[in-house]
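*Asks:* So you can see what is in the structure, the chains are spelled out below.
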Amino acid sequence: MLDFFQAVSDGVLFGATYALIGIGFTLVFGVMHKINMAYAAASIGSAYAALLVLKLMAGAPPWLIFAGAFVAGGVLGYMLYLACFHFIPLSSPLATLMSTVGMLLLIDEVIVHVTAGMPQNFPAMYDDVMLRAGEFTLRGDLLLVFGVSVVAMVALLLLLYRTRLGLATRAVSQQAVAAQLCGIRVGQVNAMTFVVTGLLGGLAGAMIGASVGALSPLLTTPLTVKGLIVTVVGGLGSIPGAIVAGLLVGGFENVFQLYRGVTERDLYVMLLLFVFLVFRPGGIFGIQDDRG
Amino acid sequence: MDFYFGLAQLIGVHTLLGLSAYIVLLTGQVSLAQAAFYAIGAYVAGMLTVLGGWHLVPALGVSALAGAAIACAVGFPALRVKGLMLVIATLAFGEGVRLIFFNFDYQIAKGDVKVGPLGGEGFRQIRFFPENGWSTAEVMLFIWAFVILVMALLWWFDRSRYGSVLRAVGEDELAAQSVGINLTAVKVSAMTVGGGIAGIAGALYAHYTTHIEHSSFNVLVATFAIAYPIVGGLQNVFGTLLAVIFVQGFLIEGLRDLGDWRNLLFGALIVLAMNLRPRGFFGGRRRA
Amino acid sequence: MKKLTLAVALAFAASGALAQEKTIKIAGFGAKSGVVRSFGINSEAALLAASDVVNKGGGVKLADGSKAKLEITFYDDRCNAEEGISVIRRIAGTDAVVAVGPTCSNVAEPLFGILQKKVGDSGDSGLQMPVFTDVAIKVGLAKISEWAFRNVPNEMTMYGSLFYWLKSKYPNAQTIYGGVEEDFAHSRATWYSVMKAGAEASGYKVLGNSKWLLNDSNFATQVREMKSAKADVIAISAHPFTTCGVLKEMQRQGVKPKVLVGLTSSSSLETLEGCAKQAEGMIIPTSFAPVNKEATNAAQTTAKFKGAADLHSMAAWENIFILKRVMEAEGISGKHDAASVQADRRKIRDGLAKLKTTNGLLGVSKRDDEREADKPYLFVHANKGEWKVLYNPL
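Chains as they are written, first to last, in my numbering: chain H, 1 to 292; chain X, 1001 to 1288; chain R, 2001 to 2394.
It is possible that part of the hints are untrue.
Said to hold, decoys possible - Computed beta-carbon distance windows for the label pairs:
{"id": "1", "chain 1": "R", "residue 1": "K2304", "chain 2": "X", "residue 2": "N1132", "range": "47 to 53 Å"}
{"id": "2", "chain 1": "X", "residue 1": "D1105", "chain 2": "R", "residue 2": "K2277", "range": "36 to 42 Å"}
{"id": "3", "chain 1": "H", "residue 1": "L143", "chain 2": "R", "residue 2": "E2386", "range": "40 to 46 Å"}
{"id": "4", "chain 1": "X", "residue 1": "Y1106", "chain 2": "R", "residue 2": "G2057", "range": "50 to 56 Å"}
{"id": "5", "chain 1": "R", "residue 1": "A2276", "chain 2": "X", "residue 2": "D1105", "range": "54 to 60 Å"}
{"id": "6", "chain 1": "H", "residue 1": "F5", "chain 2": "R", "residue 2": "E2386", "range": "39 to 45 Å"}
{"id": "7", "chain 1": "X", "residue 1": "A1175", "chain 2": "H", "residue 2": "L167", "range": "48 to 54 Å"}
Derived from the structure by calculation, the hints contain no laboratory data.
None of these values were measured; they are calculated from a predicted model.
Ideal Cβ positions, reconstructed from N, Cα and C, are used throughout, including at glycine.
Input sequences plus hints: build the corresponding full structure.
*Replies:* Here it is, written out as structure tokens:
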């Protein structure tokens, strides 16, 4: 029984990072009805970029590097917007999808080129702290990651629901034409969405790097797949959905691994997705699912 | 010369993979599951020729049927999910199939060696072609016979009512439904045909590489499958063929002399291609 | 675009014909993309470095007594089976007389599969190109084709010997528990067929093993399994990324076995850069360490070509010298017309097949009938951020 709770708690803490990635995917979908396949890659890429801070300032404290990833994420987000969304007409969703795939490949290649494919150490905070309650343990660094993720999610929700930019973003996501008629500059809102999700993604990348202790190009594909699953399970376009789904997927994944082993684990995660698609196709907090 | 024949083999198999996604794309469904049907075709054909001693042609037939059958089964639940959710659902299905093969062991002893798929280690020694003395050129012609057959079939579809029906569903489902088109039949049939084509492609893949394993059918392969028709454009089958030649012939083999730059240019050129020609090489102009 | 490529190709051909020097072309190939990019870089550097040494010494003696310089071209197969096959076909279409590679075992297997299985079998249309592998290490690949040869360490012998030696050095260690990277051919095969078998043969009791995947990042469950097994020896059959992840988790959960054993491929810079502290004391058998003048020299020369020397890249170095010896013993023509190139390839293949021993950097390697090598080895351990020799059985 203890094993079960331990697996759940480990998984849920890790799931906070999936939630951050899921939020990024779902926010772009909600506003532009497009999927940015390069999102997870950009997040990891931002974390790599943050390591440049170490090059400039040896012995920089971890939080500074996390901040670097945050900023790099915003920059990468804007670049992604320009490369894949600004010029391609909205009526060509396939082209957008494919160009984000191209960016995913490009970001991966740049990372591999610069680092020769070798894993890069990423600073962590409290990675030697283990909270114990008898046999039950909680990793200190994961708790920090969880905490930072929660703060980021709250900040995002505040941005969306308490600021003018957030209002404009929600307006464009609901009815782009009507929003335009109200004087909202859709192009600018879209670009800002990418910057905001990019900032979030950069932070997610830093948190993932911190929890793993190293960055590797190997991280990109599973994060992309899991992030997309989290997005669907949570409901495309729903941020609270992505948050809950991220934690859910993280927890379930670890439990599946505990009971069925690592070779079948991902199979069950896929089955979890299918169960949701069959019984709750709109996701946990399904939003406008007749938009297709 | 052998190299060009080998490259032509590769282009042929990838064209079939791309065409399997093409027909499904015509109905407006973006399927990342084609790599799964590809995998099923590969393992089925491999097991039949290696474990069962079958000749390749009937094995290809069974692979096509297996791919088509599973695709048909996937086609029905796929109706429930729309748009980008379908992308993710098919991606998950594809990964699921890959993971099943990752766990799949079926070995029998032939003499003093054990043959057959062995989970994570893959399925080795699928040597129908070299054992029966097929030259590289002969294998190439064999593969291209199927490519031409499939392209002709799809071209014929396009010229017939079925093709118009497919594209009508792809353009506007509501309008198509209101003129009496049975959406279920159309979408599932497209998925089935796509699955069959992918099954053939997979079977050919297994035999010309002689070794398959779960990682040969990963997300990247699934992505390439839809990349070809998207980059090529949906106007006709030649778009897909051209896209495969562009990606495999030019980007991967042609740019080899650029050394390390080749890999960097790969992603960049795809982004550029999509920005310059969003509807693909043969996408035609959109009527306003 | 096609016209441009043709023009460029013709220009290259013309310039080749005008060259005064005689050359022998050797094609190297391997992974220069993805997480294994460093392997390709190192192999290429080793090939260039070794051929530079040969060329500075005059080159290779041809059958007619003249000397020819070695020319290396390296191709990137991106650790992808289809591309590997394309590359070997491309190499076969050039005037290269032998190919050295690949890096990845999952490329080697299909690649060997398209080679002619038995020499002289006219019914077999497989490719007739000798391939001399430097890196791809998964057990038992060269027997797929008589044109395939490998100069990779024999993990069976190395680990068998390691566990035997460990038993005598740590007599109170009786049990062993494994950690396996399940979805990578090499690491998976090495635990089940090599480490486990070797440990059992030396009298260790195998308590079980934990599994993970190549790109996993959370090892809490697996390490907890290790902790409850309470084994004296823990053997980790995984590559540096997950090895470091597991070691870090072991540190977090306070799992400290008496002996820690690692996978051959992890005796590299990557592991030390990732987790030198946590890897302290890890013992790995390897077929390369700069323990003598020749080895140190090889490492330094390779460094000049911007590559690192480890058991993988140094096999490529050794291959060049072995090939030189074979070429001179068999008397190759060095001519560039298709018939001569094919004849030279056959001679090199036959020459490699005849070899019973070869010279390696650590000593003499034996070659067996399955075209595999049995290389001298030693045991290294991670000590203060470096791989230091722990025990040298030579």
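*Asks:* Identify every previously stated hint that the structure contradicts and give their numbers, smallest first.
*Replies:* The structure conflicts with hints 3, 5 and 7, although it agrees with all the remaining ones.
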